[in-house]
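Chemist: Same order as they appear, the protein sequences are chains A and B.
So the first sequence is numbered by this note's numbering: it starts at 1 and just counts up by one.
So the second sequence is numbered by this note's numbering: it starts at 1 and just counts up by one.
Hints in this document: simulated from the structure, not taken from any laboratory.
As the structure is a prediction and not an experimental result, all values here were calculated from the model.
Any given hint could be a false lead.
Calculated cross-link-like contacts (lysine to aspartate or glutamate; reagent style DMTMM-like; alpha-carbon spacing at most 20 Å) [to be verified]:
#1 K409/B to D86/A
#2 K446/A to D86/A
#3 K409/A to E452/B
#4 K123/A to D417/B
Number of protein chains: 2
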Amino acid sequence: MKIRVPAIAVSLTIAAAIAWPAAPGTVAAQQPAAASLIITNGIVITVDGGRRILNPGAVAINGPSIVAVDTPAAIASRYKAAQTIDATGKVVMPGLINTHTHAAMVMFRGLGNDLALMDWLQKYIFPAEAKTVSPEFVRIGTQLAVLEMIQSGTTTFADMYYFEEEVAKVTKAAGMRGVLGQTVIEFPVPDAKTPADALKRTEAFAKQFDHDELITPSIAPHSVYTLDARTLSAVSALAKRLMIPIQIHLAETSAEIGMSQERHKMRPVAILDSLNFWAPTTLGAHGVWINDDEIAVLKRHNVGISNNPESNMKLSSGTAPVMNYRKANVSVGIGTDGAASNNDLDMFEAMRQAAFQQKLVTMDPTAITAAEAIEMATLGGARALGRPQHLGSLEAGKLADIIIVGMSKPRQQPLFDPVSQIVYASRGDDVETTIVNGRVLMRDRKVLTLDESKVLSEARAAADLVRKAVQQ
Amino acid sequence: MKIRVPAIAVSLTIAAAIAWPAAPGTVAAQQPAAASLIITNGIVITVDGGRRILNPGAVAINGPSIVAVDTPAAIASRYKAAQTIDATGKVVMPGLINTHTHAAMVMFRGLGNDLALMDWLQKYIFPAEAKTVSPEFVRIGTQLAVLEMIQSGTTTFADMYYFEEEVAKVTKAAGMRGVLGQTVIEFPVPDAKTPADALKRTEAFAKQFDHDELITPSIAPHSVYTLDARTLSAVSALAKRLMIPIQIHLAETSAEIGMSQERHKMRPVAILDSLNFWAPTTLGAHGVWINDDEIAVLKRHNVGISNNPESNMKLSSGTAPVMNYRKANVSVGIGTDGAASNNDLDMFEAMRQAAFQQKLVTMDPTAITAAEAIEMATLGGARALGRPQHLGSLEAGKLADIIIVGMSKPRQQPLFDPVSQIVYASRGDDVETTIVNGRVLMRDRKVLTLDESKVLSEARAAADLVRKAVQQ
Numbered sequence: 001m002k003i004r005v006p007a008i009a010v011s012l013t014i015a016a017a018i019a020w021p022a023a024p025g026t027v028a029a030q031q032p033a034a035a036s037l038i039i040t041n042g043i044v045i046t047v048d049g050g051r052r053i054l055n056p057g058a059v060a061i062n063g064p065s066i067v068a069v070d071t072p073a074a075i076a077s078r079y080k081a082a083q084t085i086d087a088t089g090k091v092v093m094p095g096l097i098n099t100h101t102h103a104a105m106v107m108f109r110g111l112g113n114d115l116a117l118m119d120w121l122q123k124y125i126f127p128a129e130a131k132t133v134s135p136e137f138v139r140i141g142t143q144l145a146v147l148e149m150i151q152s153g154t155t156t157f158a159d160m161y162y163f164e165e166e167v168a169k170v171t172k173a174a175g176m177r178g179v180l181g182q183t184v185i186e187f188p189v190p191d192a193k194t195p196a197d198a199l200k201r202t203e204a205f206a207k208q209f210d211h212d213e214l215i216t217p218s219i220a221p222h223s224v225y226t227l228d229a230r231t232l233s234a235v236s237a238l239a240k241r242l243m244i245p246i247q248i249h250l251a252e253t254s255a256e257i258g259m260s261q262e263r264h265k266m267r268p269v270a271i272l273d274s275l276n277f278w279a280p281t282t283l284g285a286h287g288v289w290i291n292d293d294e295i296a297v298l299k300r301h302n303v304g305i306s307n308n309p310e311s312n313m314k315l316s317s318g319t320a321p322v323m324n325y326r327k328a329n330v331s332v333g334i335g336t337d338g339a340a341s342n343n344d345l346d347m348f349e350a351m352r353q354a355a356f357q358q359k360l361v362t363m364d365p366t367a368i369t370a371a372e373a374i375e376m377a378t379l380g381g382a383r384a385l386g387r388p389q390h391l392g393s394l395e396a397g398k399l400a401d402i403i404i405v406g407m408s409k410p411r412q413q414p415l416f417d418p419v420s421q422i423v424y425a426s427r428g429d430d431v432e433t434t435i436v437n438g439r440v441l442m443r444d445r446k447v448l449t450l451d452e453s454k455v456l457s458e459a460r461a462a463a464d465l466v467r468k469a470v471q472q
Numbered sequence: 001m002k003i004r005v006p007a008i009a010v011s012l013t014i015a016a017a018i019a020w021p022a023a024p025g026t027v028a029a030q031q032p033a034a035a036s037l038i039i040t041n042g043i044v045i046t047v048d049g050g051r052r053i054l055n056p057g058a059v060a061i062n063g064p065s066i067v068a069v070d071t072p073a074a075i076a077s078r079y080k081a082a083q084t085i086d087a088t089g090k091v092v093m094p095g096l097i098n099t100h101t102h103a104a105m106v107m108f109r110g111l112g113n114d115l116a117l118m119d120w121l122q123k124y125i126f127p128a129e130a131k132t133v134s135p136e137f138v139r140i141g142t143q144l145a146v147l148e149m150i151q152s153g154t155t156t157f158a159d160m161y162y163f164e165e166e167v168a169k170v171t172k173a174a175g176m177r178g179v180l181g182q183t184v185i186e187f188p189v190p191d192a193k194t195p196a197d198a199l200k201r202t203e204a205f206a207k208q209f210d211h212d213e214l215i216t217p218s219i220a221p222h223s224v225y226t227l228d229a230r231t232l233s234a235v236s237a238l239a240k241r242l243m244i245p246i247q248i249h250l251a252e253t254s255a256e257i258g259m260s261q262e263r264h265k266m267r268p269v270a271i272l273d274s275l276n277f278w279a280p281t282t283l284g285a286h287g288v289w290i291n292d293d294e295i296a297v298l299k300r301h302n303v304g305i306s307n308n309p310e311s312n313m314k315l316s317s318g319t320a321p322v323m324n325y326r327k328a329n330v331s332v333g334i335g336t337d338g339a340a341s342n343n344d345l346d347m348f349e350a351m352r353q354a355a356f357q358q359k360l361v362t363m364d365p366t367a368i369t370a371a372e373a374i375e376m377a378t379l380g381g382a383r384a385l386g387r388p389q390h391l392g393s394l395e396a397g398k399l400a401d402i403i404i405v406g407m408s409k410p411r412q413q414p415l416f417d418p419v420s421q422i423v424y425a426s427r428g429d430d431v432e433t434t435i436v437n438g439r440v441l442m443r444d445r446k447v448l449t450l451d452e453s454k455v456l457s458e459a460r461a462a463a464d465l466v467r468k469a470v471q472q
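Okay, chain A solo, but in the shape it has when bound (with noise of 0.2 Å):
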């Protein structure tokens, strides 16, 4: 993977190595290291390699990085915090990321349900946001979306939507993670004429957010079946040179593949494979009609996808073959999608549902453990998304985007199995505190970067433009 990692993260994560202490006993009555904030006490889900849990274990973090992942004792010994969060009797894992949505769709939220894709987008979706996408709707409607988000645990997200810089303005300032796709589709959108105009508006943004520390700039084509050979083909050629992720719906539905053949004579992993279209990050959202061959190609070419149960449900549209990626070693990370067809941003939701839907669809029970339903929410979706040495797990040297999820309720007891509890009995709702970068962006519930109420009441104020809208 050559994707370009934040400048800032990479000196800090050094400077974490460089603070890593030395072996026990090669250095007597050594001083503590610093670190700015201790978690301990908790229930310890790493997602390493090994799966650890440690219980009690303990997650010592300096800058925006962990330095140290061990036992309360251990931590207690080895460093001085500046700051100390007890984790008693809670969950404290990897933040949750989200490998597919379109934030600021929240404010299309039930709109329209109980309806087919094409259906929902061309009655609802597309007329709607022709007559209320500005910069100042992305602008309300990913804050809103962000708040859901940190309330629910999501560290990062994958993001594909109009006016991304916007976007990118919201989530840097609410201090959450995020990989942003400015759209690029055939015909006329809210924030580009043409194809060109969103190329020129990726290229802008990309430049905007160069080496930003939080916002990883990527360029969102909408699929095959909106757009030509020739823009796909420019797409592909701006990624390579910006350096950037791209992302792309990707056989989401079976009348998907009509319009491919239709539009390209080709089936959608075919034409793109055709135009060596991918990106040294691509991020293939749904995936769901792929077939072993495509699998292959997609597997040659590192691309990752996003699996999105609840939104593939909820539209019929069909279920990814998640266990043919797994065995084929395809990096499969899990998305809400938007909440316009969700319809919501949790992921604990959709972590549950990744698991469920294969146990369904395969008529296996075994498949999808809640084991790997949290390794697919967090490390999995590191992967998918190229940033598998920073995200994805409690390690040393990773970035610090942690969560902690309280395990109190009544319908979380009694408590036999942390991972099973995390997947099958526990929702957004129960995130205590979320850190991204080594940040609190939420401290018992409470989001400390955003001003709730009013990013409500402009979310409120918003609303009135869409039901006037959908009212036309």
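With chain A fixed as given, assemble chain B onto it according to the hints.
Modeler: Same frame as chain A, now just chain B:
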């Protein structure tokens, strides 16, 4: 339906009918009638025949019954309430009816996950039950379950377990409504060495809670694969004599079909039909592996079905033919199943999953709309349990089983469609107030009828028994 109606409820329903005001204009300057409780200014989802939504609306309650559902002004002019709850911006709807659970099995939540039904039952659940289940254990487990159910908006639950008189005592003390089935099974179980013992226990149980206002005693033959024909016949005879509902696991897995063929030389519905097993109220739990001919038999005998989508997905049991049941006008409610295979008792999750699963399997996104999911979780459940005259909708004359659901969380904004928001973006945790039989059991998330900390500490102690049992 000849299902027995609790005497007190009947008399108060009549009282309520008397309190129903004369048509406007017939009596000048009429005195306002007494109401024990008015819920006003809410978004009232009635689930009545016309699926009326009153926004804003109000519900007047007197004693255990609803006396009127109307606009806030109309209710204010006609009734004088001892107590008023302001539900501005909140949804007021019928309490949820969980048509299939094993309440005390919350004590096994998270025990042996990601396994097939038969493995899970035989390796974990049956051995753990054999070593732990006592009247005290059932009391403690049911307390925890009832706490969780009240907190997530369930007002009636249908239960199948052991020591059902303990379940009844806890349920009644907490103020919930239960259709509680004493288990009958061919092999020795914690509360009965033989089926004859279980039948005796059932008769005593039915006598103990005869004409109870909240408890409907019931008999729960486990399944055709765990019972001989002779016992099934004895169960049926007893149910008919005592006029109590039957609950039975019915065609849950494809393995069950094979076991039924082996034991009875017939499929599950056929063996039951050959025995004329059907009582005035019979509830088949799961009903997954049921063909159209069998649906016709179930319809002919007015058998209700409990659809348990989460359990069926988690255990890879399959998908109930809910659309076919509905087409044939078979009553279908929704159940969570026991928390050991779900893993919670949250009917909001079950409702959403009922919609999602049908949309996925039929590949029709219009299958089970949000309104239909709510109807299944309320009135559908009331029908499946033989109580549509008393439960399942907000209508004058019905029992006052009502929940008030907060709609102000960021993940519930904007609020274009309250029906969609309830099913696709809300959780049990959003329920603020739970009312059963006109009595407020939870107010602003505080459960008034149970000592939560005592329930949790007793559950923790009992969990240690379970840990020991599975370690042996």
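Chemist: The structure should be examined with respect to each hint, and the outcome stated for every one.
Modeler: Hint by hint, here is what the structure shows:
A distance of roughly 27 Å separates the Cα atoms of K409/B and D86/A; the hinted pair therefore is violated under the 20 Å criterion. The hinted pair formed by K446/A and D86/A meets the criterion: a straight-line CA distance of about 16 Å does not exceed 20 Å. Among the hinted pairs, K409/A with E452/B is consistent with the structure: their alpha-carbon atoms are about 10 Å apart, no more than 20 Å. Proposed proximity of K123/A and D417/B is supported: the alpha carbons are some 17 Å apart, at most 20 Å.
Taken one by one, the earlier hints fail for this structure only at number 1.
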